Amino acid sequence: MTPKNNIIIGIIVALLVITSYNVDANPIEFAEGVPNLGIIIQEIFVLESLIEDLKYLPTAFGAMIETLQMAFIGTVVGVVIALPLSMLAARNLNNKFVYAPIRALLATIRTFPSILWAILFVIMVGLGPFAGVLAIIMYTVGFVTKLQYESIETIDSDPMDAVSSIGVSKFQLIRYVVIPEAASHLLGQMLYMFDYNVRQTSILGIVGAGGIGFFVIQYIRFFEYGKAAMFMVVILITVLVIDWVSVKIRDKYIVKSQHGMEVVKK
Amino acid sequence: MKQIQMTQNPSFSLISTKKIIQMNDVWTSYDSKNFALEGINLSIDRGTNYAIVGQSGSGKSTLLKLLNGMMIPSKGTIKVDYIRPNMNNKKFKKMMHTIGYIPQSLGLIKNITVIENILIGALPRLGKIQSFFKKFPENEIQEAKKILKMVGLSEKENRKTYMLSGGEKRRVAIARALMQKPTILLADEIVSELDHVTAREIMDLIADAQKRMNLTAIMVHHDMQLALEYANRVAVISKGEKILEIGVEGDNIVDFQTGDMTTDEIKEMYSDDSKK
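Going down the list, the sequences are from chains W and S.
Just so you know, the first sequence maps onto residues 22 to 287 in our numbering.
Just so you know, the second sequence maps onto residues 4 to 279 in our numbering.
Just chain S, same shape as in the assembly (with noise of 0.2 Å):
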């Protein structure tokens, strides 16, 4: 486990290129009377491995379903790569093929192959005739089969996804995503409900892929401390507040917005005692 020092008010910038994800003053509800997010203000750097920690209906979820156009928001921008999420926008539609996202169900489709989860990354590159008789190209299919290999799945590919294990879903879910080419990836809780050690390596798969991609990687934990050493950014959220965002650089936290907690307690209430 990595000792963190905690260093107050930042002289260096830790990723210095353009924002990816801007979000200004945002406010969103399900049923137009209790919000979800209130006043949530979010500025992520391209490349960035950004976490969103916090607790069961804090609103982690309903964030990523803002970046990715599922839910608009009832006030406030947003602007993902300068456009506005909607999926009624055409600009952002076609943006939408090259954000990857995991909700945390995974979202697979248990009767098909491995194979076939994984190629429907590719279906926005696909055209209607190849689309109705399930041509894909050969490329897309090479790629497919290297992506597979990547999650170490390559042995697995003709297996019918309800075969699988927990873990080994997950590696499918991620590879449907890289499929995407993509340049964003959105995943909720994917480590959730695993073993400390099946956590481990499929976080390793994403920060593998999200350096190899240049990805930023956008992901909701519930476990504050698995956040902490992946992440290079970890913004925590309470009751649909921001209560806390720090940047981690190695061995350093640098507190970008000062909360009513320390590090230390943010740490302990957020750990996850299950996968210790």
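Chain W with its partners taken away, still in its complex shape (with noise of 0.2 Å):
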């Protein structure tokens, strides 16, 4: 250890001892909140109210394909809408006077989390999924434009250089160069979306935006705490499942196209 890094881990102990004084994060008082915890678990698990939560198994899961729902619908229209505006903000195919208030403007939709998005429709067009849909779109449409534009300006040059070296217009080197070199990632991309996106829209019923979420606070509001564990655990078999179904359709289809080889199928 040098010197200097005694400084610098000497800077943030300081700083993590300022800040945790500021915003009142006291680990006493989390030892003395772990009882509670306990007490919630205890709930949970009484056997009667086991099997009596289990007659609500079907609302929740008939809840989480409406979460899927909203999500696929957020992620495909949003990705729909992203493609078009990621062209116009990568570096590589415009100037910066097209490229610049894109950006601004992207930058300005992923300020706010897609929650903030969601009470803005809300207020909009009224409880309800479709205020969910919108700020999830609104969400993708921040996201993935940032991405796929970073993939766009990650292209390799080469084959840039000697398709535009014929003369062809900028349309057709977006059309047959920038969208199939893109494409590869753009798949990953839609996936881990996707994955995000039903992650984010089983909160967004909090705001009443529709989705699994609305039951979830219901629930722990009225301290039902059993039926919220149910609720959450179908979250969370769901979200597993589209871990596993993301990974093979990454290693069937962006894996090989990626690295330019085949995969060894196990």
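Possibly wrong hints are sitting among the right ones.
[What the hints assert, rightly or not] Residues from chain W that face chain S, not an exhaustive set, calculated with beta carbons under 8 Å:
#1 69
#2 183
#3 184
It is worth saying that the hints were derived from the structure and are not from the lab.
Computed from a prediction, not measured in an experiment: that's the story for all the values here.
All residues carry an ideal CB built from backbone N, CA and C; glycine is no exception.
The task is to assemble the complex, starting from two chains supplied on their own in separate frames and drawing on the hints.
Okay, structure coming up:
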């Protein structure tokens, strides 16, 4: 350890203490609160209420399907809007008078988390899943556009130069070089976004924007931790299944095209 | 290997067609301080198989980029078929449609099929709507298949490009350039990194296409021996300057610009031992 490193660590520790004091982050309070967690767990695992709660399983799956549908629409529509925007935001395809304003707009969109977009859309279109779908679309547009224009900017410049030297139009260059070269990243980004959107949509119900989150927050408010836990287990199972399917799709379609090789079948 | 005899003061002209490339005192730099090319003069006749030989960093690739308008000279004039190469010049932009350019990395799109890569050469002849829907006319598809057959890849037209070998990828790049119906073919070290046999197969293929389509082929090489075997003329570039230019006809070498070194010394200096 050099003296310089010691100073840096000292500063980090000092900042940690000051900021913890400012936000009342007290480890003693945490330790004192642990028994409360025990009470919640005790309430969840009361056998009679567990059997009673199982009756709500079809409702939980119904709400989860609604959540998945919302995430699906939000992801697909968001990606469709994001694609042309990413072409305009890529620095290697446009001059700064085109990409700079688009990037500023996208940065603004990304500033708000999806839950804030959901509140805005609940005010605009009323309570329900549609507000949630709109929120997910906004979030997806902001995020996928950024991921896409970054992929476009890292495309190998050689095919671009070789095809440009034929004297093709910019549109042809995008259609025949940029899209095929960036497509291998796009599928991965869509999967990642869908995965992320399912989790996001699960909490949008908190502000009345539909989905399974609505039930979870209601049960927590009425201290029905057993039911809330069951709904959360349904979310967990769904997310795990999506994660597993994503890995399979990635292996089959993405890895080989990005690395220019066949994936060995086990 | 050819036995080459040296003759001074040529009394005959090797190819007497009009000039397609003219470079006059061309200087160029990437950073406005160090020049990649210094005072290059070059005059290439239509239909010539022209080779540019030099070591890494000598400025060979830069010279090709100047000819297809991807770079603009800092000083001096360049004329390609009497037009100044510049991507912003409408006349030259039209001419670019018929200048086949194969970069050292080949510039193929790895995630699409062989025939799709080749059809890219026909893009300048495609309308906007056809381009959008990737709808190539039947005659273009037939032409692409004909060229595929010529380069010996008929059976692999639907293979993804990343699945091909190094030699096959080069054939695809040549086919894409030929699909442009080019008048000029620029190739940057297309056979470097290939084994001796495959390198000659690729060179034979280009020589055949060059004769068949009456192309002007300008090829950058690392290997002097290969250049002497296939080219009508060879220019040697060192540190951005043309130090020697020789004409090759059969077993004769005609010295157009006498350098400080003899041809044998040049051959020795630029021979690629890995290919022998």
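Verification of the supplied hints:
1. 69: For residue 69 of chain W, the interface hint is violated, since the closest Cβ of chain S sits about 58 Å away, which is over 8 Å.
2. 183: Nearest chain S Cβ about 3 Å off; hint holds.
3. 184: With Cβ-Cβ at 6 Å, under 8 Å, it holds.
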